[in-house]
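Now for the letters of each chain:
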Amino acid sequence: MSMTTTNDLIAERPAKHRFGGGDLIGLGVILALAVIGYFLFPNNLALLTRIIAIALLVLSLDLVTGYCGVATLGHAALFGAGAYAAGIVSAHYGINDPIAMLAFGIVAGAIAGLICGAVILRAHGLPQLVLSIALIHLFHEFANKASSWTGGSDGLSGIAPSALIGLYEFDLWGRTAYVFGVVLLVLVFFILRLIVRSPFGMLCRAIKEDPIRIRSMGASPKAALMKMYIISGAVAGVGGALNAISTQVVGLDSLSFTMSAESLVMLVLGGTGSLFGALTGTIVFMFFEDVVSAANPFHWLTMVGALLIAVVLFAPKGLFGTAAAFVARRREAK
Amino acid sequence: MQPIFEVRNLKRAFGGLAVTNDVSLSMAPGDRVALIGPNGAGKTTFVNLVTGNLVPDSGDVRLGGETVTGIDAIGRVRRGLVRSFQVTRLFLDMTPAEHVALAVLQRDGRSGRLFGNFLAMPDVMDEVGQLLGKLGLRDLMHRKVSEIAYGQQRLLEIAVALALKPKVLLLDEPAAGVPQSDTGRIEQALADLPADLAVLMIEHDMDLVFRFAKRVVVLAAGAIIFDGSPSDVTQDPRVREAYLGSYANASHAA
Ligand SMILES: Nc1ncnc2c1ncn2[C@@H]1O[C@H](COP(=O)(O)OP(=O)(O)O)[C@@H](O)[C@H]1O
Ligand SMILES: [Mg+2]
Numbered sequence: 001m002s003m004t005t006t007n008d009l010i011a012e013r014p015a016k017h018r019f020g021g022g023d024l025i026g027l028g029v030i031l032a033l034a035v036i037g038y039f040l041f042p043n044n045l046a047l048l049t050r051i052i053a054i055a056l057l058v059l060s061l062d063l064v065t066g067y068c069g070v071a072t073l074g075h076a077a078l079f080g081a082g083a084y085a086a087g088i089v090s091a092h093y094g095i096n097d098p099i100a101m102l103a104f105g106i107v108a109g110a111i112a113g114l115i116c117g118a119v120i121l122r123a124h125g126l127p128q129l130v131l132s133i134a135l136i137h138l139f140h141e142f143a144n145k146a147s148s149w150t151g152g153s154d155g156l157s158g159i160a161p162s163a164l165i166g167l168y169e170f171d172l173w174g175r176t177a178y179v180f181g182v183v184l185l186v187l188v189f190f191i192l193r194l195i196v197r198s199p200f201g202m203l204c205r206a207i208k209e210d211p212i213r214i215r216s217m218g219a220s221p222k223a224a225l226m227k228m229y230i231i232s233g234a235v236a237g238v239g240g241a242l243n244a245i246s247t248q249v250v251g252l253d254s255l256s257f258t259m260s261a262e263s264l265v266m267l268v269l270g271g272t273g274s275l276f277g278a279l280t281g282t283i284v285f286m287f288f289e290d291v292v293s294a295a296n297p298f299h300w301l302t303m304v305g306a307l308l309i310a311v312v313l314f315a316p317k318g319l320f321g322t323a324a325a326f327v328a329r330r331r332e333a334k
Numbered sequence: 001m002q003p004i005f006e007v008r009n010l011k012r013a014f015g016g017l018a019v020t021n022d023v024s025l026s027m028a029p030g031d032r033v034a035l036i037g038p039n040g041a042g043k044t045t046f047v048n049l050v051t052g053n054l055v056p057d058s059g060d061v062r063l064g065g066e067t068v069t070g071i072d073a074i075g076r077v078r079r080g081l082v083r084s085f086q087v088t089r090l091f092l093d094m095t096p097a098e099h100v101a102l103a104v105l106q107r108d109g110r111s112g113r114l115f116g117n118f119l120a121m122p123d124v125m126d127e128v129g130q131l132l133g134k135l136g137l138r139d140l141m142h143r144k145v146s147e148i149a150y151g152q153q154r155l156l157e158i159a160v161a162l163a164l165k166p167k168v169l170l171l172d173e174p175a176a177g178v179p180q181s182d183t184g185r186i187e188q189a190l191a192d193l194p195a196d197l198a199v200l201m202i203e204h205d206m207d208l209v210f211r212f213a214k215r216v217v218v219l220a221a222g223a224i225i226f227d228g229s230p231s232d233v234t235q236d237p238r239v240r241e242a243y244l245g246s247y248a249n250a251s252h253a254a
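Taken in order, these protein sequences are the chains called A and B. Per UniProt numbering, the first sequence starts with residue 1, numbered consecutively. Per UniProt numbering, the second sequence starts with residue 1, numbered consecutively.
The shape of chain A in the complex, shown without the other chains (with noise of 0.2 Å):
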């Protein structure tokens, strides 16, 4: 047997496992469609503000359910915790310095994270399931009965962020928000792009596959979930932060089963266990929502349907997943 040194090592590793360039292209992309975007929809930036939000509701709820196999239809209540407590601090206590609602979100989405975990992990398949249910609703009855706070079902207003880092007013066409929000995509994408590929992610896919061997290596899956769902309420109270300072309201459909429900649609659309599968999914099901339906406002949701039956039915692994499979099958065949 031959000496091999490190480099041989590193030398030989594959493709997909090269640094630098699936972070680049998706930066690339990410950039790319947000200047399209707002060249594309400059009345309506409104709109695709909302689309960010909503795609990191979905890239948290991928942290938790496409890297970790956990089944949940409760995942909006991280969203809206973050919401909630961004446009708290600004209309009931005047902190209204973006950055710091956005902690105040992002501390928000941690806890409820917590929280959530603690619960949903106590039980698998489907009461898993069933107990994510009934922790949207719990979430979303407490909004709606602390109306002092929350403003209940009217929502909550009278949210006003300053400008941002003391400079760019958030204006009416929303393009500081706009802008505040790619920025915060691209952040987001970065460090999660980080996670899944160190150690921590590595640990979770593999308790994904097989939780009581992972117990056989001596590491703790409970343990690893309860982080993944911390991190993952935090990205999700980066997405209800967002949500409540470009849009300044807070409503309850924040916190709703309803919203819970179609960012599992858009993740599956997408494609589960890819960050950019999250994206393709929520940008696609958003647009179905609303571009397609304001030309169609009678079939869009049939649609919508008609695509996520061909998609589960036909592509299981998403639009990206079944795309990007298909790219490499075609560059093995080279």
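No false leads were slipped in.
Below 20 Å or equal to it, Euclidean Cα-Cα: the simulated SDA-like pairs (lysine to any residue) are:
#1 A:227 / B:114
#2 B:144 / A:331
#3 B:165 / B:112
#4 A:222 / A:129
#5 B:144 / A:213
These are calculated hints, taken from the structure and not from any lab test. None of these values were measured; they are calculated from a predicted model.
Start from chain A and add chain B with the ligands according to the hints.
Chain B with the ligands alone, transformed into the frame defined by chain A:
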């Protein structure tokens, strides 16, 4: 020498059937023990009980002098008690390199790190390359486990256990399903283990047992019926009887 691993009066029944019936056993550092016995004798159940994968009805397990009966499976692994599985349990979507790297990182308390990739960690990759090289899996290290042969998966199962650098290693039929041509690799890997590691191997390939073990324990119907040197085991009347009984009932014995 002070035993590193000690089992006292371990009992477990399934629906009235005593599958582990008052088993006591101890091993010192450096021991090489083969645990044999007919199919259904309760060998795998014994491993499940001592590793904490199953809860015993009564009895104690001690590790390095500490009673670990009340400690869960994870805690026992962290104290150095590692097992391999008779039926391969691997992460099918992951690569051999990822398996071994995960074990190495977990062992060193680095599996929770949120940044960096093991492919760029020279110390981890050194160990991964060495271990997989020893088991003949280096060329497959970046393939998905679902794409490699079952025999190779068996070898990877052992690599994962070894990567955890155990103090006590329990191997449940490591050679089952490995082609004859590759069992040499297992033997070599076992021969290269640290001298102070205590190894208990369940195996039915008697050639392997005789080359590996300095002590043989025979389990039949949940109880230890022989504990002694390999040269005596085939002469022992109770062992012969146990195997004859099982030959009469089953097509092969282990
Ligand atoms: N979880 C279980 N429930 C019921 N019976 C079991 C269980 N696990 C093992 N057994 C029974 O215990 C006996 C011993 O099994 P096992 O320990 O796998 O034997 P061996 O590994 O020696 O072939 C078998 O009769 C088996 O059917
Ligand atoms: Mg067995």
